[in-house]
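A.B. asks: Here the protein sequences come in this chain order: A and B. Residues 1 to 528 in the numbering used here are what the first sequence lists, from first letter to last. Residues 1001 to 1408 in the numbering used here are what the second sequence lists, from first letter to last.
Check before you lean on any hint, since a few could be wrong.
[What the hints assert, rightly or not] Ranges of calculated distance between the beta carbons of each label pair, as one might list FRET restraints:
(1) A/K178 with B/H1070: 21 to 29 angstroms
(2) A/P290 with B/P1400: 26 to 34 angstroms
(3) B/E1154 with A/L320: 29 to 37 angstroms
(4) B/P1400 with A/T407: 53 to 61 angstroms
(5) A/E296 with B/T1398: 18 to 26 angstroms
(6) A/A306 with B/Y1065: 50 to 58 angstroms
(7) A/E259 with B/S1387: 47 to 55 angstroms
What the hints contain is simulated information worked out from the structure, not anything from laboratory work. Every residue gets a Cβ at the ideal spot worked out from N, C-alpha and C, and that includes glycine.
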Amino acid sequence: MLWLAVLIACARAPVAPVETARPPVATARAEPARTGADQAPADGAADARHLLERFAFGPKPGDVEIILAEGRQAWFEHQLRADELPDPRGDRAVLPYRRALVPPERLPDLFGHGGLSPEASAEANRWQQSREVRRQTSTRQLLLELQMAEIVRHVASEYQLREVMVDFWTNHFNVYAKKEEVQLLAGDYVQRVIRTGALGRFEDLLVGTARHPAMLRYLDNASSRAKVKGGGRKGRGVSENYARELLELHTLGVDGGYEQSDVIAVARILTGWTFEPGPAGRGYAYRFDPRVHDREAKTVLGVEFAPGGEEDEGIRLLGLLARHPATAEHLARKLCVRFVADEAPAECIEVTSQAFLATDGSIKATLQALFGSRSFWAAENRRSKLKTPLEFMVSAVRGVDARLAGTTELARIAARLGEAPFALASPTGRREDTAYWLESFTLARLGFAHDVAFGRVPGVVLAEAEMSADPAETERVMFTLCQQLLGGHASEQTRLVIEQALSADPHGHAGFSSGLALALSSPEFQWR
Amino acid sequence: MTRERPPSPERRHFLRATCGAALAWLAPQSALASAAPRRVLVCVNLLGGLDGSSLLVPYGEDAYYRARPHIAIPPPGKPDGALPLVDGFGLHPKLEPLYQLYLARELAIVPAAGGARFGRSHFAARDAMHSGLDAAHGGTRDGWANRYACERSENDRAPRLFSTTPELPMALLGEAPVEMTAGDHDLPRGEDDAAYLDALERLYQGSADPFAQSASRALRLAEELREKARRVRVKQRYSTAGRGLRDAARLIVANVGAEVIWVEIGGFDTHRAQGGSHGQLASILARLGQDLFAFRQDVTSAFADVTLVTLTEFGRTLAETGAGGTDHGAASCMLVMGGRVRGGRLVGSWPGLDRASLHEGRELAVATDYRAVLAEVLELHLGLDPSARGRVFPGFTTEPLGLYADGS
């Protein structure tokens, strides 16, 4: 009822102040000089919507009006201060799933000895087998809870910019939950490393991910050991897996000017970065193991690492990579693709990478530069990106302002839609290009739009009043659907089809549900 | 219906001027129902980088056993030994079903196949392989299978490209429409299905929006397959990983006029605990063998019109790692099976595993470019004019491999 009421009110008086739980914004309300938006000065609501579709998971009812009241710059600056401010809505939303966020050193409290699945021996009796089944069921449940914790915080958090950046970094530093014990570790990985660092310094993120047991396991660095001359111990050797992805994906980029010899040197520098493997009640915690560290000299990108180095040379290496111009360029390009256009405009890359380099990798400053770029506001880049499945799902739940009731259904649906958190085995993270998503998982989107509108997604509850919308209100319901969900972009065809659905069932819920489902299925709702 | 649309900012990223002509999806049901059987290429993409030396075991090479003290497959005759193919080469012992196809001369194996300049990044190597280039170019372009479809389009109609994956494989990306078979269970279901589906169709019908066009195509395909599924049954059992092969078999038996069908099977990125005759990779290969055999049984007589090719982004290092796995390498191997394939033999050449022959001293070098296999299938099986090869695989020239018996 709230969103409908609010929107009808908004429709009448678009700039009316809207009741909100949001803490007051201390920064100046006066809008600073616009850097990039000068070519489209008139339409504040369209600008606000553009911001919410790029630096948030789409607008909730009332969000556009908040930005109109505060000003775009003030909203953005407020969002950047997420780490200093409480996020009660986000915290409340993840409560049902907090088990999945337990720090790794406390895992033994939850799961007892050994963490995951000791193989059920062939001789195990029936009772033991059933216990094993229960254990596996519970870890499957844990994965769903882990995914839900991410999804519902994306939906509910006041700090949408941070959530969008959490999603960005989670893909940038991808881990795969189904690899061994990673699913026990991924919740903490995101909460303590990614979310804490999402708006901080890039180097901290890099070191934090490099040392987290989730990453150490996912890309095998935990089991990478120096080759000892004449040692010949079984099962010892250097793994290049993390080193390669560190250079190719996390820092320099595939064209960043490194060679296979650099990959090997990086792998050798990081030998010994591992973690305590869990048993004996100790949980999982990063540690440097000097016994398996390669102490000989190495050279990376022409930089010498003298013999005898230990953990410190790894830290030095990560600092070197974090400050490398190729890293700035690679990250700037990715950010511009994510927030501006699939073919990242040169201007955007330029200003963004400059800010990154000039501030020693400050993510805030980098985002400010992107926000101020001409390309970000340019008309030709607006609504040019298809929402990815996660963006689609989260924006739909936000758009209808549904109440979430603690189930794990959205995680299952995210998997069907093709973008469940932590479900990508490949370290590249999700694809960002529209051409790809256009042909992928299309029917699953339509299925979700239908189910959520008809109240068939357990745990996603639409407000009562909409479900029995008065048929006499058809015109206003239409306006609400088209304005709130489609931002006034609805085509004549879309309007007509929705209107027909509303009027086909003038006395029941089905008309409204169909209209809402069609609005969420419409081509206009798929773009951001 | 044509794909003529007014230009809009939303479709700039989608349009690619590769076909030269706007293409329509071949829609009429009646035409499909009566279509003559047509030749089809099934591409099975093995994700992660298949260790070719575990599938096609080079048991004649001492270097293989020296480099892999724990994960090498023993030679034929030893316990858990390879299944003998030709002197020095055997098949993984868990691939008994493929061995039968090999002995029946329906399966050929191309050793040391891949892309010589793919590099060792999954991303870059897949990019190159899907693009049909010798090295990654960065960013999204069209894929070789789509360019093939454009070459073969007539009267503004392209051959039907299908993918059984829920997501679009880049090899199929381009101007010719792609049909995604996964997900018809996602169609809305409920008391008022028909009216709602009808409204959905009207929501997208004739729209210039690229999403509307994709959705429209997906809805029509789902209905068509639902209709056909009533008449078509596949009999064999497939593993969960092999569902794409089952869907491919269905499309072929239903004779919907598919010309290229894309299937993906994951799990080949074996950095740790790869195992040898038993273990992780052995289980994955065993399922692959059973699923390929099931596919062959299901397509029955249509097998004469089928060529199935496996692809993978790269092979793996010769030496095992400390973690009992293998790292990213260069060449892998390719399976080519079909009724017209001259099977029961290895095709191509073997560069050897002595240090001097290895790529950068660490992995099997590429002896046969993956495009040599694909080009021959496109030309000799599907009938692509050889003069168009340079447009499907730009800059690529090759000698014939002799995959087919009659050379036509």
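A.B. asks: Does each hint hold? Answer for all of them.
C.D. replies: Hints and how they fare:
1. Judged by the Cβ atoms, the range 21 to 29 angstroms given for A/K178 and B/H1070 holds: they are separated by roughly 25 angstroms.
2. Between A/P290 and B/P1400 the beta carbon distance is about 58 angstroms. The supplied range of 26 to 34 angstroms is therefore violated.
3. Roughly 57 angstroms separates the CB atoms of B/E1154 and A/L320, a value that falls outside the hinted 29 to 37 angstroms.
4. Range check, B/P1400 to A/T407: Cβ separation about 59 angstroms, and the 53 to 61 angstroms hint holds.
5. With their beta carbons about 44 angstroms apart, A/E296 and B/T1398 fall outside the hinted range of 18 to 26 angstroms.
6. Hint check: A/A306 to B/Y1065, Cβ distance near 38 angstroms, so the stated range 50 to 58 angstroms is violated.
7. Distance hint for A/E259 and B/S1387: a CB-CB separation of about 39 angstroms, inconsistent with the stated range 47 to 55 angstroms.
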